[in-house]
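Student: Sequence:
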Amino acid sequence: MNRVIIDRECKLEVRNSQLIVEDKKVPLRYIDFLYLIGEIEINTKTIMKLLKEDISILIQNRGFGLIYPQKSKNNDLKKKQYFALKKEVYIAREIIRKKIQKSIDNLVKLNKKIVFDFKILDEISSKNSLLGIEGNFAKEYFKEYFSLFDKTLTKGYRSKRPPEDVVNALMSYLYTLLYYEIANRLIFYGFEVGISYLHESFRDHMSLASDLLEVFRSDVDVFVYEMFDNKKVIKKDFTKEKKGIFLRSEKRKEIWSDIKEFFENLKIDEEIAWLRKMIED
Numbered sequence: 303m304n305r306v307i308i309d310r311e312c313k314l315e316v317r318n319s320q321l322i323v324e325d326k327k328v329p330l331r332y333i334d335f336l337y338l339i340g341e342i343e344i345n346t347k348t349i350m351k352l353l354k355e356d357i358s359i360l361i362q363n364r365g366f367g368l369i370y371p372q373k374s375k376n377n378d379l380k381k382k383q384y385f386a387l388k389k390e391v392y393i394a395r396e397i398i399r400k401k402i403q404k405s406i407d408n409l410v411k412l413n414k415k416i417v418f419d420f421k422i423l424d425e426i427s428s429k430n431s432l433l434g435i436e437g438n439f440a441k442e443y444f445k446e447y448f449s450l451f452d453k454t455l456t457k458g459y460r461s462k463r464p465p466e467d468v469v470n471a472l473m474s475y476l477y478t479l480l481y482y483e484i485a486n487r488l489i490f491y492g493f494e495v496g497i498s499y500l501h502e503s504f505r506d507h508m509s510l511a512s513d514l515l516e517v518f519r520s521d522v523d524v525f526v527y528e529m530f531d532n533k534k535v536i537k538k539d540f541t542k543e544k545k546g547i548f549l550r551s552e553k554r555k556e557i558w559s560d561i562k563e564f565f566e567n568l569k570i571d572e573e574i575a576w577l578r579k580m581i582e583d
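One rule links them: number in the working numbering = place in the sequence shown (from 1) + 302.
List time: in silico DSSO-like cross-link candidates among lysine-lysine, alpha-carbon distance up to 30 Å:
id, residue 1, residue 2
1, 404, 389
2, 538, 411
3, 441, 411
4, 400, 457
5, 544, 533
6, 579, 404
7, 562, 326
8, 553, 542
9, 553, 445
10, 555, 354
11, 382, 421
12, 313, 555
13, 445, 538
14, 538, 462
15, 555, 534
16, 404, 445
17, 404, 382
18, 354, 327
19, 537, 404
20, 421, 400
21, 562, 542
22, 562, 354
23, 545, 445
24, 553, 533
25, 411, 445
26, 555, 453
27, 457, 534
28, 354, 382
29, 327, 351
Quick caveat, the hints were computed from the structure, so don't treat them as lab data.
Here the structure is a predicted model, which is why all the values come from computation and not from measurement.
Go ahead and model the full structure; you've got the sequences and the hints to work with.
Tutor: Now the structure itself:
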């Protein structure tokens, strides 16, 4: 996927099938996903031109919003998603199975070890029980994970809404970005992102993206550890606000290339194909 990230105050327009950003021009054929962050001036005419070229737009400005081409496609897949709800416990269980296995494998990469009896998953007959088991595993997982960091960087547990330390702040930010990355790919392939199997759908929550995000969470965790371990981000790169701790915009701009490379190396399309097979089988 070709991402273009614009993280500065500027004006955007489209002329002659090119995205014009001040003195730079990017042919629209080279853009699949456009990130717009901060104070960017763009009008509805320009947005419509981008959508006409099947370019999705992620807007971040005191929150996130995804704008994507509203073309109805692959209605057969949407029907299969609906009928697959009768086996939602099975699909949810396999998502959690894959998440736990990947989490264990990623901890090994970080010289940490955790044991889990996968046989217990085969005995699950309800989502509530499944979520309870996943929650217990997560406690053990995060105990090992946060022990990797210096105590000045983290309080030693997962915190969100708001994140209470710099490690959690970076984790939450990247989880959110990846959620939109996954949602965009699912929409591209014709999935109905409001039909899901592990997470409950509500309002504008793209719950199927949340389902698949579970598979990649520990990949994000490894990336976060490496960013701190390699000193690409440090404690002073974050600011404390009333709503929590957040990455400073100056640092965010510096590490976009690292984030892009990380996303490009994730096998999102492969996992979407795996999910589709479970739905269609």
